[in-house]
Every structure is written in C-alpha cells, then in structure tokens.
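**Q** Chains as they are written, first to last, in my numbering: chain A, 3 to 117; chain B, 3 to 117.
Just so you know, these hints were derived from the structure itself, not from any lab.
You may find that some hints are simply not true.
One copy or any two copies: either way a pair holds, since identical chains are not told apart in the list.
[What the hints assert, rightly or not] Cut-off 25 Å, straight-line C-alpha distance, at most; resulting in silico cross-link-like pairs (SDA-like, lysine to any residue): (1) Lys56 x Glu93; (2) Lys53 x Asp98; (3) Lys56 x Arg76; (4) Lys56 x Phe95; (5) Lys56 x Arg10; (6) Lys56 x Tyr86; (7) Lys53 x Ser8; (8) Lys53 x Tyr92; (9) Lys53 x Ala19; (10) Lys56 x Phe91; (11) Lys53 x Met3; (12) Lys53 x Asn12; (13) Lys56 x Tyr92; (14) Lys53 x Asn97; (15) Lys53 x His94; (16) Lys53 x Val68; (17) Lys53 x Glu9; (18) Lys56 x Val68; (19) Lys56 x Trp96; (20) Lys56 x Leu74.
Protein chains: 2
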Amino acid sequence: MSEAQSERLNHVFRALADPTRREMIRRLARQDLTVSELAMPYQMSLAGASKHVKVLEEAGLVRRTVRGRTHLCRLDPATLASAYEWIRFYEHFWNDQLDALDRELRDLPGEESGL
Amino acid sequence: MSEAQSERLNHVFRALADPTRREMIRRLARQDLTVSELAMPYQMSLAGASKHVKVLEEAGLVRRTVRGRTHLCRLDPATLASAYEWIRFYEHFWNDQLDALDRELRDLPGEESGL
DNA sequence: GCGATAGTCAACCAAGTGGTTGAATGAAAT
DNA sequence: ATTTCATTCAACCACTTGGTTGACTATCGC
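With the hints as constraints, model all of the structure from the sequences given.
**A** Put into structure tokens, the structure is as follows:
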C-alpha cells in the first residue's frame, strides 16, 4: 500500500472513530446539509461542530460547496468505499474462521469420523 | 444504535486508524503471533508495540492466550466484521450515487431524450 | 537457585483531540 | 450603510495518544 493511501486510511478511520461524526455521516446519507443544520442536534457550539465537519472534509468523506454565506455538505461515497475495501480484504478470513468454528462445534461428537 | 455498540465502534475505528496496528492485523490474518513476534519488524521498543497490541485487544480485534511467559495473539474476525457492517450500511448509497454519476456522464449528449 | 527471556507497568514527554470563547470575515436583508 | 446571519479563525484548556525508559513479574533452561 502506498504511503499516501495509508495516510488517507489513517484520516478516514480516525474520522469514523467519533460518534458525532458517524451520526453526521448518517444524516448526510439522507440529504445534503449545511454546517448549521449539521450542528443543530448537538449541544456543542457551532465552532465545535464546524471542526467535526472539517475533520470529515479532510478525510475526504465530505465535500463542501460554498454558496453565499452557507456551506452545503455532501457525502463523498468513494472515500467511504475505500475504508470498506480495506476491511473487505479480510472478509474471506472471517468467513473461513467462523465456518471453521461452526464445523468444529458441529463435529465435536464424531471427531474421528474423517480420519 | 446502543451506547455500548457505539462505544465499541469508537474503539474499533480508532484502532484501525494507525498504520502500525493495521499492519499487525494484516500479519495476524496470516498466522497467530506472539507479542514479541508482532513487535519485531518495528523500530519501536517492545513496550511500545505491546501498547499497540493492547489497543487492538481492547477494541476486541485481537484475543490473547497467555501460555507460560509468551502471549499468543489471534485475530477476532467478528469484531472486524462489525466495523465492516457499519460501513456496509451505506453501500446502497454509494452505489446509487456512483450509478447516478455514471448515468449523468453517459446521458449528457442526449439529455432531453427522456422528457 | 540463577540468569536469561517475555511481557507488563508506571512515569514521563511531545503532539494531537474535542471542546470552549471571543473576535473576525463576508454575504444577506433591511 | 447597518445590522444580522453563517461560518471560520485563533487562543486556550483538559485529556488522550504514541512513544520512550527503567523497574518489576513471572517463566524457562540450565
């Protein structure tokens, strides 16, 4: 993996590690929202919420279009997909593992049958 | 989402946000390794690497079996799957988005054809 | 038992995080 | 032109992080 790609994953996973930001992503999946709209549900200051948006933007998860004095945010699905792909690489692994566990549990009574 | 589940995702994503820990996961996917074996490739102290392992363990990504003086680490695939599932929830979204973009680009020349 | 080995723990440090407030910028409305 | 609104910026704070070192604990081999 290239240095740049790794750096990107650092930012993406870090951005996803905060529940406020995950909720922002969830809401942005339904519709584009301005910074104030994103900030509304939380008790923190607007500046605080704005920082969260910035983290999402720097991770590439969100794109912003400035229109007059409002900043409209939209989800960038490709970046989310890249984190997905990183984890997906291990999918075969956990399928195998869980299958093996399953087999082990089922086969316990007749363990020597295959030998 | 329950508070506990959210808390778990915090830890899992945070653990994944570090390249050293991602590499440890990659190596653990090939075979179980002891803490010293995990630490070997890095220039940091053993105590430093041990801290990384602890972060992975507390996130539930790694399980440890103490055997004598060595600690053998194995990947816990279920936890990795839970992070995967969180992101997968948005899969339909980015597929739709990318499809829409694709359609938009293809249809540009004959944009009024559908009306 | 004695020394080497595997690993953790505690204290420390520099840098980063998540939040605050108050001032600054720049567009909108009157 | 003035005010109001959306947002950022800068400085600050308490806490966490990723790393170090040195001391400690427990096991293994002789």
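**Q** Work down the list of hints and note, for each, if the structure agrees.
**A** Right, here's what the structure says about each hint:
| no. | hint | result |
| --- | --- | --- |
| 1 | Lys56 x Glu93 | between (31 Å within a copy, 23 Å between copies) |
| 2 | Lys53 x Asp98 | neither (41 Å within a copy, 29 Å between copies) |
| 3 | Lys56 x Arg76 | within (13 Å within a copy, 36 Å between copies) |
| 4 | Lys56 x Phe95 | between (35 Å within a copy, 22 Å between copies) |
| 5 | Lys56 x Arg10 | both (15 Å within a copy, 24 Å between copies) |
| 6 | Lys56 x Tyr86 | both (21 Å within a copy, 24 Å between copies) |
| 7 | Lys53 x Ser8 | both (23 Å within a copy, 21 Å between copies) |
| 8 | Lys53 x Tyr92 | between (32 Å within a copy, 23 Å between copies) |
| 9 | Lys53 x Ala19 | both (15 Å within a copy, 19 Å between copies) |
| 10 | Lys56 x Phe91 | between (29 Å within a copy, 23 Å between copies) |
| 11 | Lys53 x Met3 | between (29 Å within a copy, 24 Å between copies) |
| 12 | Lys53 x Asn12 | both (18 Å within a copy, 18 Å between copies) |
| 13 | Lys56 x Tyr92 | between (30 Å within a copy, 21 Å between copies) |
| 14 | Lys53 x Asn97 | neither (38 Å within a copy, 28 Å between copies) |
| 15 | Lys53 x His94 | neither (37 Å within a copy, 28 Å between copies) |
| 16 | Lys53 x Val68 | within (16 Å within a copy, 43 Å between copies) |
| 17 | Lys53 x Glu9 | both (20 Å within a copy, 21 Å between copies) |
| 18 | Lys56 x Val68 | within (14 Å within a copy, 43 Å between copies) |
| 19 | Lys56 x Trp96 | between (34 Å within a copy, 21 Å between copies) |
| 20 | Lys56 x Leu74 | within (12 Å within a copy, 40 Å between copies) |
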